[in-house]
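Please build the complex by placing chain B on the supplied structure of chain A, with the hints as guidance.
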Amino acid sequence: MAEAGFEPRIVAFLCRWCAGAGADLAGTSRLQYPPNAIPIRVNCSGRVEPSWVVDALRSGADGVLIGGCHPGDCHYMVGNYKARRRVYLLRKVLEELGVEPERVRLEWVSATEGARFARVMTEFVEELRRLGPLQGNGQG
Amino acid sequence: MFVCHCGKNIAGTVDVARVSEALARHPGVVYATHHEYMCSEPGQELLRRAIREHRLTGAVVAACSPSMHETTFRRAAASAGLNPYLVEIANIREQCSWVHEGPAATDKAIRVARTMVEKVKGNHPLTPVEVGHAEKCLVVGGGIAGIQAALDVADAGFEVLLVEKSPTIGGRMAQLSETFPTLDCSQCILTPKMVEAAHHPRIRLLTYSEVEEVSGFIGNYHVRIRKKPTYVNPDRCNLCGECAKVCPIRVPSEFDCGLSERAAIYIPFPQAVPSSYTLDEGSCLGLVPLRCGECAKVCEPRAIDFDMHEELLEEDVGAIILATGYELYPKEAMAEYGHGTVPDVIDGLQFERILSASGPTRGEVRRPSDGRVPKEVVFIQCSGSRDPELHKPYCSKICCMYTAKHALLFRHAVPDGKAYVFYIDIRAGGKGYEEFVNRAMEEEGILYLRGKVAKVFRDGDKVMVWGVDTLTGKRVEVAADLVVLAQAVVPTTGAPELARKLRAAVDAHGFLQEAHPKLRPLEALTGGIFLAGAAHAPKDIPEAVAQGSGAAAKAVAILSAPVLTHSPEVAEVDEALCSGCRICAPQCPYTAITVDEVAHVNEILCEGCGTCVAACPSGAMTMRNLSDVQVQSMIRAALSEVPEPAEVKGG
Numbered sequence: 001m002a003e004a005g006f007e008p009r010i011v012a013f014l015c016r017w018c019a020g021a022g023a024d025l026a027g028t029s030r031l032q033y034p035p036n037a038i039p040i041r042v043n044c045s046g047r048v049e050p051s052w053v054v055d056a057l058r059s060g061a062d063g064v065l066i067g068g069c070h071p072g073d074c075h076y077m078v079g080n081y082k083a084r085r086r087v088y089l090l091r092k093v094l095e096e097l098g099v100e101p102e103r104v105r106l107e108w109v110s111a112t113e114g115a116r117f118a119r120v121m122t123e124f125v126e127e128l129r130r131l132g133p134l135q136g137n138g139q140g
Numbered sequence: 141m142f143v144c145h146c147g148k149n150i151a152g153t154v155d156v157a158r159v160s161e162a163l164a165r166h167p168g169v170v171y172a173t174h175h176e177y178m179c180s181e182p183g184q185e186l187l188r189r190a191i192r193e194h195r196l197t198g199a200v201v202a203a204c205s206p207s208m209h210e211t212t213f214r215r216a217a218a219s220a221g222l223n224p225y226l227v228e229i230a231n232i233r234e235q236c237s238w239v240h241e242g243p244a245a246t247d248k249a250i251r252v253a254r255t256m257v258e259k260v261k262g263n264h265p266l267t268p269v270e271v272g273h274a275e276k277c278l279v280v281g282g283g284i285a286g287i288q289a290a291l292d293v294a295d296a297g298f299e300v301l302l303v304e305k306s307p308t309i310g311g312r313m314a315q316l317s318e319t320f321p322t323l324d325c326s327q328c329i330l331t332p333k334m335v336e337a338a339h340h341p342r343i344r345l346l347t348y349s350e351v352e353e354v355s356g357f358i359g360n361y362h363v364r365i366r367k368k369p370t371y372v373n374p375d376r377c378n379l380c381g382e383c384a385k386v387c388p389i390r391v392p393s394e395f396d397c398g399l400s401e402r403a404a405i406y407i408p409f410p411q412a413v414p415s416s417y418t419l420d421e422g423s424c425l426g427l428v429p430l431r432c433g434e435c436a437k438v439c440e441p442r443a444i445d446f447d448m449h450e451e452l453l454e455e456d457v458g459a460i461i462l463a464t465g466y467e468l469y470p471k472e473a474m475a476e477y478g479h480g481t482v483p484d485v486i487d488g489l490q491f492e493r494i495l496s497a498s499g500p501t502r503g504e505v506r507r508p509s510d511g512r513v514p515k516e517v518v519f520i521q522c523s524g525s526r527d528p529e530l531h532k533p534y535c536s537k538i539c540c541m542y543t544a545k546h547a548l549l550f551r552h553a554v555p556d557g558k559a560y561v562f563y564i565d566i567r568a569g570g571k572g573y574e575e576f577v578n579r580a581m582e583e584e585g586i587l588y589l590r591g592k593v594a595k596v597f598r599d600g601d602k603v604m605v606w607g608v609d610t611l612t613g614k615r616v617e618v619a620a621d622l623v624v625l626a627q628a629v630v631p632t633t634g635a636p637e638l639a640r641k642l643r644a645a646v647d648a649h650g651f652l653q654e655a656h657p658k659l660r661p662l663e664a665l666t667g668g669i670f671l672a673g674a675a676h677a678p679k680d681i682p683e684a685v686a687q688g689s690g691a692a693a694k695a696v697a698i699l700s701a702p703v704l705t706h707s708p709e710v711a712e713v714d715e716a717l718c719s720g721c722r723i724c725a726p727q728c729p730y731t732a733i734t735v736d737e738v739a740h741v742n743e744i745l746c747e748g749c750g751t752c753v754a755a756c757p758s759g760a761m762t763m764r765n766l767s768d769v770q771v772q773s774m775i776r777a778a779l780s781e782v783p784e785p786a787e788v789k790g791g
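Chains as they are written, first to last, in the working numbering: chain A, 1 to 140; chain B, 141 to 791.
Honestly, I wouldn't trust all of these hints.
Claimed, not checked - Beta-carbon label-pair distances, calculated as ranges:
#	chain 1	residue 1	chain 2	residue 2	range
1	A	Tyr-88	B	Glu-161	42 to 50 Å
2	B	Leu-323	A	Arg-119	46 to 54 Å
3	A	Arg-119	B	Pro-783	29 to 37 Å
As the list claims (entries may be wrong) - Covered by chain B, according to a simulated footprint, are these stretches of chain A (three or more residues, beta-carbon under 8 Å):
#	stretch
4	37-43
5	66-80
6	94-102
By construction, these hints were calculated from the structure, which means they are not laboratory data. Glycine included, every Cβ here is placed at the ideal spot set by N, Cα and C.
Here chain A stands alone, though its shape is the one from the complex (with noise of 0.2 Å):
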């Protein structure tokens, strides 16, 4: 199914005090990794609607990156745990439409991981090439 040099779009809802902050330690560190996603920054994995990712998977991508806070570490104190709940039920939804729910990834990245933010990025790309394209994408 996977197509020949197929390059996954991504798009990727980071929280600032966390996966984001670790994003730019991944920088700092240069840790190089796919440049497949582009980052949108949220004050909290909290704020993420679902409907965004099934907005963003609609325009034309192919998964989507939700980062968050270890739980416990929330900057807001909770908002990475109502994620967690949006997002396993966002999938179970995206499932039974027959969409893969490998294609949208909750990870927590704390702003000391900038290892984990590139390695993290680097097997959500290869996990989503292995996957292919969404289908049905860039026509609606």
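Relative to chain A, chain B alone:
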């Protein structure tokens, strides 16, 4: 649109001219350029001039992370007349040029810059929320950290409420004999500070009191304090002590860690502040109806007042300093060391009382069971610490030092005595600390044995200690007269519950959580709440004092501010759309949302996480400058193809 080269940091990877040219053609962009260093003065002037000349209604600087220069560019824009909230940073360095290479990096930079242009197009000019504040500080805990914090805040000119739950301030430091590494008498250096706090015109001492309820937010906390009755008027009490002599009750003394007894009417120690006896209602024969009353009969100054009532105080404070201190992990939890049932197995604080000149033995080292002078004393370090399987995983930090001090003071008191110290490692990181431990090891004839003690049990009038010296690999058995356990340091009972009332987070062990482990060690995550002393983590006296002063400086910054400001990028309700369904309110960790017919957001309490916005089913709750509509166009800007330069040439 301003694209920064950042020297070669960005321009070495990303084709900045191409980014600028692509963005120039993006809808809504009227001006696009690139510059060697946007953060330099000429770079900022470029921004200011463009704002004025092109009458810009928004600006995007594609440069380093917004955590670096967002403030710089927003300030520059403001000076040219553009509302700072209409300026956004596109991060094309940390999240692009430093982590990618080749044309793909340029492509990503264009997409990232486009998303921020789309965001700015939807941004509204905002003004920081201004809020007034109380000019009083609450300090919870009257140990050395709290005393220091209270003194520093009061010296800076602000009123302080110093709340302490026991009848006197002084805390743990008042119980100590001498302090490492200088062997200063602990009470001698502490009591002047206690007196200073008591007489300071701007410190109101509330001993025998507890914080019952806290509401509000940074600068505007409302606290309710319950002050228990002491049944003794401190202004009249002359400390003659006749009351305690006639009192028929004897209970274990808290101050002496159970090694002596006190009457129901008592003073914890002679230099207690406030300088007054306290009638402990819990151990008294009975006040309602009065069952005994002997104390009042002998009280010449008529200080005892059985009709005293508890008081509830309501106060508004701008900042709160938590200095609730520590206690020792109970000996009863140490099954391997006799479950706390062997009288001559004591903890470190008990040994402090035994060594103390004001203690139950007047400073003579005598063991609790029979009052004999112990000749063989075993000190066990890390008792309950660094033991993730059974007890606490962390290092309690102060025990290596105080055990060395204990062993040394014992050897001074009992020159023909033998001291053994079992240890895992020696951690003596502090000014003069390593030297002090070396002195104990080399000059004072104390036998340090590297290894853990497996078992401690009573054998006749001896306490048997079975351990291993891991350096020689030999089993060690000591028939000791006294065993001192350096018990783990744990937060004071009830302190984590108090922290919860203040919405100040605690860690897995109940210690207060700082806002950032490296850069914000004095602040709780909740604004306006600061941490001092061992309530935050095991700490020695100089560290507790330093943190007390640091927390005071932080509190004074709030109390002295003419007005507090708060980010306006918070949630807001479109009342026309809100159905009053109440789904949002429980999402909020700051209780910033109230709902009557419709929801209302307290913009001062709201921290802007947006969790409520994501939960709102009717789209009534929005986030200022990050609305759903903005995010939708950001998503499209991120995903739509980047046109080739040739395709649109001349367009």
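Indices of hints not satisfied (ascending): 6
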